[in-house]
Every structure is written in structure tokens, then in C-alpha cells.
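There are 2 protein chains.
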Amino acid sequence: MPHHPIQIEADAAAATRAGTRIADVMQAIRGRIAARSLTPGEKLPSIRALAASMQLSTSTVVEAYERLCAEGVIRSRPGSGFFVAGALAPLSMAEIGPRLDRAVDPFWVSRQALQAQDGMLTPGCGWLPPHWLPQEALRRGLRELARADGAALADYASPQGLPALRQWLARRLAERGVEASADQLLLTDSGTQAIDLVCRFLIDPGDTVLVDDPCYFNFLAVLRAHRARIVGIPHTPTGPDVEHFARAVAEHAPRLYLTNAAIHNPTGATLSPVTAHRILKIADEARLTIVEDEVFADLEADPAPRLAAFDGLQRVVQVGSFSKTLSAAARVGFVAVRRDWVEGLVDLKIATSFGSGHLSSALVLNVLRDGHYRKHVEGLRVRLARAILEVGSRLQELGIEPWLQPKAGLFLWCRLPPGTDAAALSQAALAQGIILAPGNVFSPSQSAHEFMRFNAAQSLDDRLFSFLRKALGSARGPAG
Amino acid sequence: MPHHPIQIEADAAAATRAGTRIADVMQAIRGRIAARSLTPGEKLPSIRALAASMQLSTSTVVEAYERLCAEGVIRSRPGSGFFVAGALAPLSMAEIGPRLDRAVDPFWVSRQALQAQDGMLTPGCGWLPPHWLPQEALRRGLRELARADGAALADYASPQGLPALRQWLARRLAERGVEASADQLLLTDSGTQAIDLVCRFLIDPGDTVLVDDPCYFNFLAVLRAHRARIVGIPHTPTGPDVEHFARAVAEHAPRLYLTNAAIHNPTGATLSPVTAHRILKIADEARLTIVEDEVFADLEADPAPRLAAFDGLQRVVQVGSFSKTLSAAARVGFVAVRRDWVEGLVDLKIATSFGSGHLSSALVLNVLRDGHYRKHVEGLRVRLARAILEVGSRLQELGIEPWLQPKAGLFLWCRLPPGTDAAALSQAALAQGIILAPGNVFSPSQSAHEFMRFNAAQSLDDRLFSFLRKALGSARGPAG
Numbered sequence: 001m002p003h004h005p006i007q008i009e010a011d012a013a014a015a016t017r018a019g020t021r022i023a024d025v026m027q028a029i030r031g032r033i034a035a036r037s038l039t040p041g042e043k044l045p046s047i048r049a050l051a052a053s054m055q056l057s058t059s060t061v062v063e064a065y066e067r068l069c070a071e072g073v074i075r076s077r078p079g080s081g082f083f084v085a086g087a088l089a090p091l092s093m094a095e096i097g098p099r100l101d102r103a104v105d106p107f108w109v110s111r112q113a114l115q116a117q118d119g120m121l122t123p124g125c126g127w128l129p130p131h132w133l134p135q136e137a138l139r140r141g142l143r144e145l146a147r148a149d150g151a152a153l154a155d156y157a158s159p160q161g162l163p164a165l166r167q168w169l170a171r172r173l174a175e176r177g178v179e180a181s182a183d184q185l186l187l188t189d190s191g192t193q194a195i196d197l198v199c200r201f202l203i204d205p206g207d208t209v210l211v212d213d214p215c216y217f218n219f220l221a222v223l224r225a226h227r228a229r230i231v232g233i234p235h236t237p238t239g240p241d242v243e244h245f246a247r248a249v250a251e252h253a254p255r256l257y258l259t260n261a262a263i264h265n266p267t268g269a270t271l272s273p274v275t276a277h278r279i280l281k282i283a284d285e286a287r288l289t290i291v292e293d294e295v296f297a298d299l300e301a302d303p304a305p306r307l308a309a310f311d312g313l314q315r316v317v318q319v320g321s322f323s324k325t326l327s328a329a330a331r332v333g334f335v336a337v338r339r340d341w342v343e344g345l346v347d348l349k350i351a352t353s354f355g356s357g358h359l360s361s362a363l364v365l366n367v368l369r370d371g372h373y374r375k376h377v378e379g380l381r382v383r384l385a386r387a388i389l390e391v392g393s394r395l396q397e398l399g400i401e402p403w404l405q406p407k408a409g410l411f412l413w414c415r416l417p418p419g420t421d422a423a424a425l426s427q428a429a430l431a432q433g434i435i436l437a438p439g440n441v442f443s444p445s446q447s448a449h450e451f452m453r454f455n456a457a458q459s460l461d462d463r464l465f466s467f468l469r470k471a472l473g474s475a476r477g478p479a480g
Numbered sequence: 001m002p003h004h005p006i007q008i009e010a011d012a013a014a015a016t017r018a019g020t021r022i023a024d025v026m027q028a029i030r031g032r033i034a035a036r037s038l039t040p041g042e043k044l045p046s047i048r049a050l051a052a053s054m055q056l057s058t059s060t061v062v063e064a065y066e067r068l069c070a071e072g073v074i075r076s077r078p079g080s081g082f083f084v085a086g087a088l089a090p091l092s093m094a095e096i097g098p099r100l101d102r103a104v105d106p107f108w109v110s111r112q113a114l115q116a117q118d119g120m121l122t123p124g125c126g127w128l129p130p131h132w133l134p135q136e137a138l139r140r141g142l143r144e145l146a147r148a149d150g151a152a153l154a155d156y157a158s159p160q161g162l163p164a165l166r167q168w169l170a171r172r173l174a175e176r177g178v179e180a181s182a183d184q185l186l187l188t189d190s191g192t193q194a195i196d197l198v199c200r201f202l203i204d205p206g207d208t209v210l211v212d213d214p215c216y217f218n219f220l221a222v223l224r225a226h227r228a229r230i231v232g233i234p235h236t237p238t239g240p241d242v243e244h245f246a247r248a249v250a251e252h253a254p255r256l257y258l259t260n261a262a263i264h265n266p267t268g269a270t271l272s273p274v275t276a277h278r279i280l281k282i283a284d285e286a287r288l289t290i291v292e293d294e295v296f297a298d299l300e301a302d303p304a305p306r307l308a309a310f311d312g313l314q315r316v317v318q319v320g321s322f323s324k325t326l327s328a329a330a331r332v333g334f335v336a337v338r339r340d341w342v343e344g345l346v347d348l349k350i351a352t353s354f355g356s357g358h359l360s361s362a363l364v365l366n367v368l369r370d371g372h373y374r375k376h377v378e379g380l381r382v383r384l385a386r387a388i389l390e391v392g393s394r395l396q397e398l399g400i401e402p403w404l405q406p407k408a409g410l411f412l413w414c415r416l417p418p419g420t421d422a423a424a425l426s427q428a429a430l431a432q433g434i435i436l437a438p439g440n441v442f443s444p445s446q447s448a449h450e451f452m453r454f455n456a457a458q459s460l461d462d463r464l465f466s467f468l469r470k471a472l473g474s475a476r477g478p479a480g
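Protein chains in written order, with the UniProt record's numbering: chain A, 1 to 480; chain B, 1 to 480.
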């Protein structure tokens, strides 16, 4: 039955109004989730109650809830109502912490830096420029791989990973005092995957995990994906603040402490033996597991104390990768773990990623065997030490003060001139094609808004300093 | 104060008795968990109650509980007691299902086949022998990679993955009717990682997921790692049983249906258009998401209907990889997904594995561009069709009957002679260095104990048939 034209217009107008009302309800719910007045897993207001409070019909609220379900924002449990979806929580920037704005969430640096275009500067990223890495050795390694047997080219690797590479790693760990045999090592596709695997093995949703404040931003992202409660421990130049650590352990009964071994990211701090001993003692009494990420270990000339070495891999799990000193394109990480956890981790690895990258492991092994790797990292250390000195002094000229003079590594954790907001400075930099790492992306308590992490190897370009000079001058105004 | 020797002995004896009692309590709890009379998350008996029922001191039970905590078997929640650990659940073979024994759990085939030694036969594995894969093209691809620029060798890839490879995939999906632009594609380190990522994005612990019965065993393992409730739908030669599917959707309100596109694993069945349409209609009404794994797609000459093609990637997510037809050592998988889910999946990928394997993607792209890939897969199809015929007829001679004659792929899903137990046969085979895939590793309902999956490409060795002849002869006894 055809409608009269005027009726169609009236219908269309009514439909538009209805659509607007539905959108209003959806926006209201999204807003409450973003503001955390509704948290993951929490029950939404009943349809009747919300309809009454917003002075809308129940059918409008029903339709809004159903659309939010379809979007995955909320979930319906038949018979018990609607709930804020949990699985999507890690994806929503707004939920990482109450005081985060989009510009400084933990994905800020990774998303920007991983997507940087040619010609952009990346002093905020966490890795070396590709021409600092052993490209010739990688090329030789690839040519050698091209002559490998068919199984190496085409077959799955053993679930625990290439035995010869595990043996190499076992020897390297031993040099730093960590005694792990090859059968206590598990290869992964990255250091991040190694941490993720251990989290899967140990963490239930809602468990508390301690991290350093500040800490590597992706620790916050991966823990959020596991729906852990994150508690930050203030970091000092010799490791975590022991008093705070002890209080947090007593108060929160955490399941895990996730930290760096060797060079701390972002501060460049190194653990002292006395702090290591005290932290382990507290962890031991509380039966707390520690995951120690030593991804920057090869950049150290004199190894700092390892928790895993003091502890003998009883309570400490060590993870690492070759992404920082060999190649981030090959993607090989590892876990060193007590023997009775290996089988469980291998099963979990098969369940969630099946095998491991045979080609990547074989390439890394070729480069390590090549004989030039040790020389390469020695060269890197010298080059980085020089870059740290140069960049540090150029930053100081601009009133940007390193928090400490790092013993090794690539990072300078710096306090900006008083009154400078690191997030605003980073947004201004992005508009100029410069990717910075503002302090709060690293800070679970959001207390590092005056700090900035500089990667010395990626901060040698004059354009960075001209930008900073100009931006800081104008930020401090005509009197500055 | 030195002890008197006799006192030391008495102390030692007392300590031994105490140790035994503690071990008894630990064993009792472990047994209940294995038998599922205690399930993950469930509260353990109070210390007082268990001490009374086992006629032991409370301090013995306290010590046993603490040791089980240290092992990660149970967890303590201060103030509320002890609970069966959830995170370790996926690792315990006993918990996959009530009627599984160690020999036929979902990890059986993967663990055995991935660790197979030279000279062993692997008719139970799910992949092609390395000499069936394009080794010369892989060698050329590696040599080409050795000449690539520094960033390709050493830098992280963009988070979504190599654009040129995503474009190639978009074209390939279009050939099968699935319209996905390159920006709807996300590269992963494997097809399994692709499934895992989608599960993380969509599944809350306790959500119900539908799978086919039988289904690919690692679907069971990955879903268990996400603590999903698994409901199996009987599979028919034209897809899932539609009546069962509709009932299960109504009864369990599942979050997800995880299945194969193209060639079904393990049965070799292909979806009919009418089943595809009905399944989608039910899914649509129930707002159910479907994940369609098309890992064997390139082995099809005439593509079977794709749910993702009918649906336009609204409700269906498609995943796949290059592991089966190009190389399992390179490890590249993908997800094709509705546009508004891409950002969330990319964040989750960064959080849990940081970048993706640039070298692997670049190698796969080199091989695909090489121009021989299409010819290679055409050759594979012919070779596999011949193998399916030959192996099928040799199995039939032994009374092992294919459930259907597959249109393509590598699998023959076969019913063993009456009274033959597939698990027992597989254990006997393992002792002879032959890795089989007994039916129940694929069956959530454990109803496939008379079935066996044979990989035709890996079943061309006479030793397999002599073993089967002998084993089946003796299994059926002197009258057989």
C-alpha cells in the first residue's frame, strides 16, 4: 500500500527523531564507560530505569542496548541483563587509567613510531635506527638460510624452539650469572609474546600486578589485556623503592612483579645488589613471582645484578629478545623459567600460536654464529655512550635535565623545564613529524607529565633541537 | 645447640612422616581437580574441614595448601580462602574434558608431530612434507631478501602488517567472493595467532563457543586457554547439522562459532550453499559472530561457499595463513574483519606481540610475486588428489573406510574396523615411530573413538600399511 508523500515525510521525520534518541542513549552509555562510572563487567541500568531517567520509551533504550551489543561495547546475559563488555576493555584508550587522555595513552608511542613515515624523526621510539644494526651479518645469514635443508625452509619448528639457539642463550645467560639449561628455555616470536605467555600462565583477571612507576608503556598495555589490576612502585636510580614495594606487597597481595633486568626502561636506572636482595626477600616471603625483562641486556658493558641470578629461577622468570641489538624484523624472544613450568608454557604456546618461527630463529642463530655479533654489540655500546653524552649535553643547554646519567643503554629520562607539559609538547612535535615519548605514557600513576624519554640513538638530528628550542621558548612565553 | 644423634634420627623420622602427610593432602587435592570434582575457580574445602575429614592437623593442611599455591595449582585470596587456579587450567590435560585420557587430549597430535624425529612417519600431522612445498621459490625469496634495504632487514613492521601483502591477500579473498580491502586485513605471526587475537577481542571467560564435532584439535586447545565453554555441533558432509546448530544457539546463547572455511578439518567435508545460508540466518538472528578459518583454501580447485562472502564480513571474521601451502617456517597469518574492529585488534596485537614479523611477510610476498606460486598450488592439488585416491584405496583394503570422499585437501577421515580403538592403535603406532591422529583428539563430545584422520601426503609409506595390517589383525584376534 503506497504511502501519501506527506505521510512519508512525517515517517521520515519520526524515524530521524527516534534515531537521534537512540544515538543519545548510546552516547550516554559510552560516556559513562569512558569516564569509568561504568567499569568492565558491571551491570548496566535496567531498561526500565534508564528509560524513566532519560524520559524515553523503553523501546528506544532496548534498541540502543542492542546496537551497543552489536558493537561489542556491552553484552547481554539472557535473564540477567546487560553488562559492560570486558574483552574490549584493553582496546579502549579511555580505560587504561582515569587521567589518561588519548594523546598519552600507553599505545601512543608504539602506534606513532611503528607507523612513522620516511623522513619523520623518532626520538621517542624504543629501538635503534636500522643502520645501527648488523645488516651485513643479516644479509649473510639470509644467504646461508637460502642454502639450508628443506625442513628448515618449510617445516614447523619444534614447539620449544631451535635447540642450538636455546643452547647459545643458556651460555649467554650463564655469563650474567643466570643458570638455566637449554631445556629451561622456550623460544617465542618476540619478547612481548614471552611476557604475554607468562601472564597467561600466571594471571587471572583481577589479579594485582606490580610494575615500576615509570615503566615500559607496553607493560601497561599487556597487563590491561589480561585485565590485571596495576599498582606502580616509584622507581629510584638503584631500582624500585623498597619501602613502597614492601607496603604494596602487604596491601595488595600481588600475583606478579613485572620489571626490567639490566637497563630500566624508561629511566636508564640499574638495580643495585642491595635492592635486588631486599626485593627478592620480600617476594620470597610473599610467594610473589617476578618477571624480569632483559631486552636491553646486550647493551650493558658490566652486567647489573639479575634477580634471576640471585634467585636461581625459582621465583623469577627471565624474558628477553633479539629485537634491540640484532633485528626487530626477525622477531625472536625467549623465556627462561623453572623446569616444572616448561611443559605448561609449551602447551600454551601451541594452543595460542602453534609453532614458532623456524626461519627467524635460524637467521638469528646464523648471525650469532657469524662471530661478529660480540664485536657488533661492543661497537654499539661505544657509539651509544657517545650519543648519550652528546644528546644529554644538548638537552641540558635547553634546560631539559637528565634524571640520571645512565651507565648504558639508549635512554635519557629527562625533566622538562618547569611548567612544560610533555603531552602538549609531544602533540606539537607530531605536527612537525617528530615522535616524542611523553612521561605519562610510562606512568601508571600519571605523575610524569613533566618528563620525557629520549632515545639517544634517534636524537642526533638537528631538527629535533631546533624544534625543542622553538617550542620551549614559546611555551615559556615572552618572559622565558 | 647440637642435637644428640638419636634425636636427629627421631626428628628426621617425624619430618618424613609429616612430609608424607603433606604429600597425601596435595595428592588428594590434585586428584579432585583432575577428576573435576573441583573445577577452576571453585573454593577448596576450608583448612579446618579438610583436616577433620582426613584426620590430620590443620598445620599439615596449611603447608599442603601453601605448597599447592607455590606450584600454581591453587590460589589464595586473603580473607576468603583457597581456590582452584584458573590460569593453569588450559595446561592440565585432565581438564580438557571429563573423558579424555592423556593419550588423546587435543595436544596429542601437535606435541608428537612437532617433535617427531627423523625417520618417523607422521600420517597424523596436519601439514605437507617439506619437499611438497616450494623450496626453490623460498630459496630465491631469501636471496632476494638478502638484497633488501636496511629497514626491511632490521626494523619493526607497521602494526597492521606489510601493505603489499595485505593487498595481495585482498585480491585473493575477492577471487573467493570475500570483499575485504587491504585496510580490513591484519597480518599475524600465524593462523593460530589470528584466531587467538580474535578470541581475545571477543571472548570473556565463561562465554560459550560453538565448534564442529569433530573439529581441528587446536580449536579446543585455544578455546580452553580462553576458558570458553565449548559446545560441539555434529558435522555432516555439507557442513554443521543445522537443526543441532539452531538448538545450541537457542540453548547456550553462544558468543562465537569457530569453524573452517573451504576444507573442513578433520573430515574433508565442504559447506553447501544451503547450509551456509541457514547457518548465517541463525547467526544473524542471534547476533552470533562466526570465525571462519580458511587455512586449507589454496588446496581447493573450485572454492566452496564462504560464510564471509555471503555475509560481507559483517558477522563473519575470516582467518588464514600460508603455513600449509607455502611454508610453515615463515609463519604468516591474517585476519579479515569488519572495518570498525581493525583498530582494536591492532592495539591488542601491539599489546601482546608488539609488531609483526617483517622478514617473514617480506619472504612470503617475494614467493607470491615470484609467479610460480599459482602453478605450485595447482600442482599440489593434482598430487594430493592422487594421494587421496591411493591412500583411500589402500586403507579400504584394510577395512578402514573413509567417511566421505573429499573434494580436495589432504585429509581422509576414516572409520576403523568395528571394535578398533583409535587411541590404543595410536599408542601402539607411536611405539613403532608412527604418529597417528586418533578421532577423539578432534571430538569435543569424545564420540570419535573409532575414527582416525589420515593425511594422504604423509601416508604414502609402506611401513604405515604394514603396521596397520599387523595391528588390526591382532586387534581383531585370531578369528579376525
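Read the hints as simulated data drawn from the structure, not as lab findings. Careful: at least some of the hints might be erroneous.
Note: identical chains are not told apart, hence a pair may lie in one copy or across any two.
[Said to hold, decoys possible] Taking lysine to any residue pairs in the SDA-like style, the calculated list, with each CA pair at most 20 Å apart, reads:
1. 470 / 366
2. 43 / 253
3. 470 / 312
4. 470 / 42
5. 43 / 135
6. 375 / 37
7. 43 / 205
8. 281 / 312
9. 281 / 344
10. 281 / 67
11. 281 / 315
12. 281 / 396
13. 43 / 315
14. 43 / 394
15. 407 / 302
16. 43 / 58
17. 470 / 302
18. 281 / 423
19. 375 / 179
Quick caveat, the model's predicted, so the values are computed rather than measured.
Right, here's what the structure says about each hint:
no., hint, verdict
1, 470 / 366, "neither (47 Å within a copy, 45 Å between copies)"
2, 43 / 253, "between (27 Å within a copy, 18 Å between copies)"
3, 470 / 312, "neither (51 Å within a copy, 50 Å between copies)"
4, 470 / 42, "neither (47 Å within a copy, 61 Å between copies)"
5, 43 / 135, "neither (54 Å within a copy, 55 Å between copies)"
6, 375 / 37, "neither (55 Å within a copy, 58 Å between copies)"
7, 43 / 205, "both (17 Å within a copy, 16 Å between copies)"
8, 281 / 312, "within (13 Å within a copy, 57 Å between copies)"
9, 281 / 344, "neither (27 Å within a copy, 40 Å between copies)"
10, 281 / 67, "between (52 Å within a copy, 18 Å between copies)"
11, 281 / 315, "within (11 Å within a copy, 52 Å between copies)"
12, 281 / 396, "neither (39 Å within a copy, 66 Å between copies)"
13, 43 / 315, "neither (38 Å within a copy, 25 Å between copies)"
14, 43 / 394, "neither (54 Å within a copy, 60 Å between copies)"
15, 407 / 302, "within (9 Å within a copy, 63 Å between copies)"
16, 43 / 58, "within (17 Å within a copy, 40 Å between copies)"
17, 470 / 302, "neither (39 Å within a copy, 63 Å between copies)"
18, 281 / 423, "neither (38 Å within a copy, 48 Å between copies)"
19, 375 / 179, "neither (24 Å within a copy, 50 Å between copies)"
Consistency note: the structure conflicts with the earlier hints numbered 1, 3, 4, 5, 6, 9, 12, 13, 14, 17, 18 and 19.
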